[in-house]
Amino acid sequence: MSKDSASKIINLALGEGRNCLSEYEAKRVLASYDLPVTREIIVEHKSELKEAVRQIGYPLVIKGCSFEIAHKTEKGLIRADVRNDNEALEAFDEIKKRLGVHNGAVLVQEMVEGRRELVMGLTRDDQFGPCVMFGLGGIFTEILKDVSFRKAPLEERDALEMMREIRGHKIIDSFRGMEAVDAKILASMLITIGRIGLEFEHIREIDLNPVIISRGKPVVVDALIVLG
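Convert by adding 4 to the 1-based position in the sequence shown; the result is the number in our numbering.
No wet-lab data here; the hints were simulated from the structure.
Misleading hints may appear alongside valid ones.
To be verified - In silico DSS-like pairs for lysine-lysine, Cα to Cα no more than 27 angstroms straight-line: (1) Lys7 x Lys188; (2) Lys50 x Lys101; (3) Lys12 x Lys76; (4) Lys221 x Lys188; (5) Lys79 x Lys54; (6) Lys174 x Lys155; (7) Lys101 x Lys76; (8) Lys149 x Lys76; (9) Lys149 x Lys221; (10) Lys100 x Lys50.
To be verified - Taking CB as the label site, the calculated pair distances span: (11) Ser9 x Gln131: 27 to 33 angstroms; (12) Pro63 x Pro40: 44 to 50 angstroms; (13) Glu20 x Leu93: 28 to 34 angstroms.
Glycine included, C-beta positions come from ideal geometry on N, C-alpha and C.
Take these sequences, add in the hints, and give me the full structure.
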């Protein structure tokens, strides 16, 4: 993939009058910039489910995927730790039903194992332009508010400083048998997020939450890109 691929996805959404990409579309944009995202397949019809499951392999996460729904957990659109065909079929049917009238499909996604969750993102400030964000991720992000910001573009030094500014910065160090996170990979991701914000003025917000640390490496598990 390439920047051209990202442009096509974003321009298509803008042409349809949308202000948001679906999770699948957002991750395709990220992947075009070599950001590490989950392996996943979008499934429109139940007849496609078996092949998607075969390609990704158990255990799975099965999600509703729609540009109209930003917060899937609250809508009951995520089933994690799916381990056999019966569970997959049941999850597919349930999620399709919950999607209801919304434009959407089902996302069959690898289940990423890891106990540490980060958040990364970007917000376009009216005064400062695109600003990159880093912090503690997961369901408690909004409660903890343990994040740091930098104006794009970022140098590696800026990104490394951001990681050490949050109160919970030791989360990226070796801890209780877990290996330290590769800080250079995290820094590269933050730099790239800033670059995306600079190259696409129509992107208002990027929210990557959670970014799960799996075997010392970060993987973007969920992603939201807001357009404007």
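Verification of the hints:
{"no.": "1", "hint": "Lys7 x Lys188", "result": "holds, 22 angstroms"}
{"no.": "2", "hint": "Lys50 x Lys101", "result": "holds, 12 angstroms"}
{"no.": "3", "hint": "Lys12 x Lys76", "result": "holds, 25 angstroms"}
{"no.": "4", "hint": "Lys221 x Lys188", "result": "holds, 10 angstroms"}
{"no.": "5", "hint": "Lys79 x Lys54", "result": "holds, 25 angstroms"}
{"no.": "6", "hint": "Lys174 x Lys155", "result": "holds, 23 angstroms"}
{"no.": "7", "hint": "Lys101 x Lys76", "result": "holds, 14 angstroms"}
{"no.": "8", "hint": "Lys149 x Lys76", "result": "holds, 21 angstroms"}
{"no.": "9", "hint": "Lys149 x Lys221", "result": "holds, 23 angstroms"}
{"no.": "10", "hint": "Lys100 x Lys50", "result": "holds, 10 angstroms"}
{"no.": "11", "hint": "Ser9 x Gln131: 27 to 33 angstroms", "result": "holds, 31 angstroms"}
{"no.": "12", "hint": "Pro63 x Pro40: 44 to 50 angstroms", "result": "violated, 19 angstroms"}
{"no.": "13", "hint": "Glu20 x Leu93: 28 to 34 angstroms", "result": "holds, 31 angstroms"}
Going down the numbered hints, you'll see the structure goes against just number 12.
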